[in-house]
Amino acid sequence: MKLAQLRHQAGEGDLRAIALLFNQALGHKGIQVSPSLNSTINPTNLILTLRSEVPPEAQSSLTLISRELLTWPNLPAKILEIQANYPGQSEELWHYHLDLTDPETLPNLAMPAQARSKISPSQSLPVPQVQLAPPSTDAFGFPIQRLDAQAWKTIGIGAVLALILITLPFLTFLFTPLITLVHELGHAACGWVFGYPAIPSFDFIYGGGITIHGSRWSLLLWAIYGGLGYLAWLYRHNRLTLISLGIFTVLYTVSAFSPIHQALFVAMGHGFELLFAGIFLDRALGGFGCRYPLERPLYAMAGIFIIFYDLRFAWRLIFDPIEQAVYREGKGGLLDHDFIRLSQEFFQVDLAIVVGLFWWLVLLTPVFIVWLYRYRQLMQFAFARLFLVKSD
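Numbering (numbering that gives the first Met the number 0), first residue to last: 0 to 391.
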């Protein structure tokens, strides 16, 4: 059934359609919605009961519900009641009573909390029923976001699935192209950033992948410097952003016109593996961008599988003489692998040192992602301070 038809049925009062739409809108936050219509009173009330393993946050829930209702051709009721329940609490966590006949109610609630005008008591009457302990804060006063039960459950399921994938050679073989694709994308992305057109591809002769890049295009470098200049002009009244752009430009210039960019090009294959593992784990923990609950365990599985795969690869490369011999032969006996090039061409150290450093970086990746998750609001504030504030 098309989404437009589903919303039409919801506007006519179809409770199954209403439940499906709201569960889709709030599912990524781990919230289940149970709708009901009370037509025994006049006007008819639409009652939405929200349940979650962690206390549902009121403002974001109101925003998501309002944005969904604005897409409906009709509304099945004139009064909307939203009540949140939390496992272990016999009473409601919070309760909102909204007048849908007021044309400003839904557009007002659909806006971000910062831009939302104050809701009058006639539109919404919050009735807190349970007093929760205040959240922990960091040294800057920002709340620390702790791993909730849903996050632990997601990571547990993902870890079990990843363990199955890494244990069974056939399944490992099927999922290895994911790592190869990410690896070659890292080489290609780094090449483009430093002015080298690069195309990632799979190697169907010797296995794995290969990224072919051409000579440097000055036009690409000018485009990057032009973009940095535009950002500097755009944020010319934001001193902190200008300082950050200046530091980045200096570091980029030093790297672009020295052998550093060549080392980065070689290293970013494995670097992108850790980057994507971190992105997958972050989505699994917070549910960002997930429309369906099933997505979070799958993201966890993908992220943890990359972690397990890289840990095993690095461990074998350090302690298994046969693995070392095969790796030192290179690709077709002509092209050296990444860690060989890094250890011999750039750092002049033993292979085990470079691989050992990579092993520790792999191990620290999930730790770093959990740290980012805990201090998410601080990171959001830093991003907003740098890129959403045009003037000090």
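A few of these clues could be false.
To be verified - Label-pair ranges, simulated between beta-carbon atoms: (1) 167 with 100: 58 to 64 Å; (2) 249 with 98: 52 to 58 Å; (3) 167 with 215: 42 to 48 Å; (4) 315 with 367: 19 to 25 Å.
Quick caveat, the hints were computed from the structure, so don't treat them as lab data.
Using N, Cα and C, we set each Cβ at its ideal position, and we do this for glycine too.
Do the hints match the structure? See the list:
At roughly 59 Å, the beta carbons of residue 167 and residue 100 sit within the given window of 58 to 64 Å. Checked against the hint of 52 to 58 Å, the pair residue 249 and residue 98 passes, with Cβ atoms roughly 57 Å apart. Under the hint 42 to 48 Å, the C-beta atoms of residue 167 and residue 215, about 44 Å apart, fit the expected range. Between residue 315 and residue 367, the C-beta spacing of about 24 Å keeps the proposed range 19 to 25 Å intact.
Of the numbered hints given earlier, the model fails none.
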